[in-house]
Amino acid sequence: MKNSVFLGALTAAGLTAGVAGAATLDDVKERGTLNCGVTTGLVGFAAPDANGEWGGFDVGVCRAVAAAVLGDPTAVEFVPTTGKTRFTALASGEIDMLARNTTWTFSRDVDLKFEFVGVNYYDGQGFMVPKALGVSSATELDGATVCIQTGTTTELNLADYFRNNNMEYTPVPIETNAEAQQQYLAGACDVYTTDASGLAATRAAFESPGDHVVLPEIISKEPLGPLVRHGDNDWGDIVRWTLNALIAAEEYGITSANIDEMSASGNPEVKRILGSEGDLGAMLGLDAEWAKRAIGAGGNYGELFAKNIGESTPIGLSRGLNAQWTEGGLLYAPPFR
Amino acid sequence: MTTLSDPPQSAFKPSMLLNDTRYRGYTFQFIALVCVAALFAYLGSNLAQNLRDAGLVISFDFLGEPANYDINQTLIEYNNQMDHWRAALVGVLNTLLVSFLACITATVIGVFAGVARLSQNWLVRKLMSAYVEAFRNVPVLIWIIIIFTVMTAVMPSPRDFRGEDAAASMVLFDSVAFTNRGVYIPKPIFAPGGWSVIYVFLAGVVGAFWYRRYATKLLYATGKLLPMGWPALAIAFVPAILVFFILGRPITLEYPELGGFNFQGGINILGSLIALWFALAIYTGAFIAENVRAGILSVSKGQTEAAASLGLRPNRIMNLVILPQALRVIIPPLISHYLNITKNSSLAIAVGYMDLTGTLGGITLNQTGRAIECILLLMAFYLTISLSISAVMNVYNKSVSLKER
Chain A
1 MKNSVFLGAL
11 TAAGLTAGVA
21 GAATLDDVKE
31 RGTLNCGVTT
41 GLVGFAAPDA
51 NGEWGGFDVG
61 VCRAVAAAVL
71 GDPTAVEFVP
81 TTGKTRFTAL
91 ASGEIDMLAR
101 NTTWTFSRDV
111 DLKFEFVGVN
121 YYDGQGFMVP
131 KALGVSSATE
141 LDGATVCIQT
151 GTTTELNLAD
161 YFRNNNMEYT
171 PVPIETNAEA
181 QQQYLAGACD
191 VYTTDASGLA
201 ATRAAFESPG
211 DHVVLPEIIS
221 KEPLGPLVRH
231 GDNDWGDIVR
241 WTLNALIAAE
251 EYGITSANID
261 EMSASGNPEV
271 KRILGSEGDL
281 GAMLGLDAEW
291 AKRAIGAGGN
301 YGELFAKNIG
311 ESTPIGLSRG
321 LNAQWTEGGL
331 LYAPPFR
Chain B
1 MTTLSDPPQS
11 AFKPSMLLND
21 TRYRGYTFQF
31 IALVCVAALF
41 AYLGSNLAQN
51 LRDAGLVISF
61 DFLGEPANYD
71 INQTLIEYNN
81 QMDHWRAALV
91 GVLNTLLVSF
101 LACITATVIG
111 VFAGVARLSQ
121 NWLVRKLMSA
131 YVEAFRNVPV
141 LIWIIIIFTV
151 MTAVMPSPRD
161 FRGEDAAASM
171 VLFDSVAFTN
181 RGVYIPKPIF
191 APGGWSVIYV
201 FLAGVVGAFW
211 YRRYATKLLY
221 ATGKLLPMGW
231 PALAIAFVPA
241 ILVFFILGRP
251 ITLEYPELGG
261 FNFQGGINIL
271 GSLIALWFAL
281 AIYTGAFIAE
291 NVRAGILSVS
301 KGQTEAAASL
311 GLRPNRIMNL
321 VILPQALRVI
331 IPPLISHYLN
341 ITKNSSLAIA
351 VGYMDLTGTL
361 GGITLNQTGR
371 AIECILLLMA
381 FYLTISLSIS
391 AVMNVYNKSV
401 SLKER
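Protein chains in written order, with UniProt numbering: chain A, 1 to 337; chain B, 1 to 405.
Don't read these hints as lab results, they were simulated from the structure.
We put the beta carbon where it would ideally sit given N, CA and C, even for glycine.
There could be a bad hint or two in this list.
Some chain A residues judged to face chain B by a derived CB distance under 8 Å, without partners named [to be verified]:
(1) Glu155
(2) Met167
(3) Lys271
Some but not every residue of chain A turned toward chain B, in silico, with C-beta under 8 Å [what the hints assert, rightly or not]:
(4) Lys84
(5) Asp109
(6) Asp111
(7) Leu112
(8) Asp142
(9) Gly143
(10) Thr145
(11) Gly151
(12) Ala159
(13) Arg163
(14) Val172
(15) Ile174
(16) Gln183
(17) Gly187
(18) Tyr252
Derived list of chain B stretches under chain A, where covered just means 3 residues or more per stretch with a C-beta under 8 Å from a C-beta of chain A [unchecked claim]:
(19) 66-74
(20) 234-246
Given only the sequences and the hints, what does the whole structure look like? Please build it.
If you want it as structure tokens, here you go:
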């Protein structure tokens, strides 16, 4: 494999996609950092702050995995990817996992040879328009100019939606969210369409968010989740169960504040998660306290949500579909046993 | 006395491959060739092996599947139910369109600036050298983005044209609108007979060229100078205008009008096309200006003086004596500048212009995940386009180069 890496660099870039070593866990441990693909900047999900520290909901997942595997939530190398570069980055082994509001679709899972390990945000595609346009429904958008991020599922949903409703539109393809924001605010497009969560995050960053409305129509299902390469199931398991641990922690009331008491006194399931009972960690090839560290890194799913994108943040997303199954949502972690 | 004779031809022995200077060169070339071939064979098999390991099979079947995405500028009919191949073709045409426009504009700018750099006028000369230095020393991507940002940020959006006291208004008798979504211009509508006007006009243009050739020939043969300018214009335009009115004005203009969200009707020249076109043109124009200047300087001063002593006026000297000779120096680098424009047009993605890299190498690649196939096709397309331009320009170069006998 060493040879192929060297010669792969000699051949045209991309020709040797998908040759990274099989044991991602060993690579990560040897390297000492986790390479995690995130967006180029979407406030609330993944964006660097004033000090250059990455933060956000997707970043929280990366940090939890780093904490579980390496014991250090800061041992993450964040690799900003665009809608176009993300899959190549993952397939080529440049990143170990991708946590970038990526929609789980059949062809990505099967044809592109990726492994979606779960869903961390149930989303749907929406439209945002300036209030001044006086539009109250997406069905009134005939003839509009629409900004879309190219290389995303939204591009295809948009084409389908307008075709189904016999409407015309002019697409303005755009590479990153920041560019889209600039074009939309300059009035180069009437409508900006992306996942509803992304719209909320983008709108929160506007100077006067009140001048823009998100239309009520949600035109697609967008289950967003982290993904890894096909073919390394052990690594896929680690990322999957780290995400599940975050979700289960919320269900059982394990928070970053009470995690030590819970590991001593919680019910058997909680003890198994936190490693004070059983040897689930060893089955993953990790130590017993992997999940405890993952939850301690940024809190459980609910804490991550509230801190980054919840109702008390400028983004102000309600839990909606992303509530626990016990509270009418879709989040449901399989049992830890 | 000794007689000189050829040394006896010794029989060929394998050791001569190394010891004999006549054969040694071939031996080493052969070894080098084998090494290079082996290297490429290894790379190829390594690629095939890795692809097999990754479970990827090269197949171009995806080109026949529906593309499912829309493109904002289509020179041929296209909708999102047509296949990826069609989308790629739309991209090819968009690439060719912007390259063609940029090549023409860059040549005009370049020739103008190159000649002006040699002007006697201090201000013109310095202005042009400032242009050349400023534009060729900043990456073309930056220019594309600057022009595009200016277009979107400074131009009014369509909704500014609305209302009684609109913030913006259309120009040229309300026929053209400059917006941040591009420029809207009137669109010709052809009624029956409309095309015959076009054909007559084209015939007129051919006739005008024929007239100019005839006049030049007559001038060289007899010294009689026919007027060149206005008769040529008349031959080109008068018949077409006559036919236009005889047939009862079969071509009308559809003006862009505000309706719904945007201007409706007319032709929309996208802002991204304009940004890419002008950025490529002014950037490459700066390089062409330097070539033109070099070409002109390569013609010895004696030619100018000789022509002047014959009584030719300065612009005649430039057109008839200097430029034809300078072209021999100008054309070869011009070919590579045209190729550069074509290849640089792939920076279109920076402003969302849907060229070949945007459709086949962008959305199609992304939606199908067929990176290797798409990149191979991209390479093949660009290679074909570039080699064609090169071939055409080489033919032209032959026609202007010094005829050696």
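Hints, one by one, checked against the model:
1. Hint on A/Glu155 holds. Least Cβ distance to chain B is approximately 5 Å, under the 8 Å limit.
2. Given the 8 Å rule on beta carbons, the hint for A/Met167 is violated: about 11 Å separates it from the nearest Cβ of chain B.
3. Interface restraint check: A/Lys271 against chain B, minimum CB-CB distance 40 Å, threshold 8 Å, status violated.
4. Interface hint at A/Lys84: satisfied, since its Cβ lies 5 Å from the closest Cβ of chain B, which is below the 8 Å cut-off.
5. Nearest Cβ of chain B to the Cβ of A/Asp109: about 11 Å, over the 8 Å cut. The hint is violated.
6. The restraint placing A/Asp111 at the interface with chain B holds, with a minimum CB-CB distance near 6 Å, inside the 8 Å limit.
7. At a threshold of 8 Å, the smallest CB-CB gap from A/Leu112 to chain B is about 4 Å, leaving the interface hint in force.
8. Among the interface hints, the one on A/Asp142 holds; its C-beta lies about 7 Å from the nearest C-beta in chain B, closer than the 8 Å criterion.
9. At a threshold of 8 Å, the smallest CB-CB gap from A/Gly143 to chain B is about 4 Å, leaving the interface hint in force.
10. Taken as an interface hint, A/Thr145 checks out: its beta carbon lies about 6 Å from the nearest beta carbon of chain B, inside 8 Å.
11. Interface hint status for A/Gly151: upheld, as the beta-carbon distance to the closest one in chain B is roughly 4 Å, under 8 Å.
12. Hint on A/Ala159 holds. Least Cβ distance to chain B is approximately 4 Å, under the 8 Å limit.
13. Of the supplied interface hints, the one on A/Arg163 holds, with its beta-carbon coming within about 7 Å of a beta-carbon of chain B, less than 8 Å.
14. The criterion of a C-beta within 8 Å of any C-beta in chain B is met by A/Val172, whose closest approach is roughly 6 Å, and the hint holds.
15. Interface hint status for A/Ile174: upheld, as the beta-carbon distance to the closest one in chain B is roughly 6 Å, under 8 Å.
16. At a threshold of 8 Å, the smallest CB-CB gap from A/Gln183 to chain B is about 6 Å, leaving the interface hint in force.
17. A cut of 8 Å between beta carbons decides the hint on A/Gly187: the least distance to chain B is about 3 Å, and the hint holds.
18. Given the 8 Å rule on beta carbons, the hint for A/Tyr252 is violated: about 39 Å separates it from the nearest Cβ of chain B.
19. Requiring three or more residues with a Cβ within less than 8 Å of a Cβ of chain A, the coverage given for the segment 66-74 of chain B holds, as 5 such residues are present.
20. For the segment 234-246 of chain B, the stated coverage by chain A is not satisfied: 0 residues place a CB nearer than 8 Å to a CB of that chain, which falls below the threshold of 3.
Of the numbered hints given earlier, the model fails hints 2, 3, 5, 18 and 20; all others are met.
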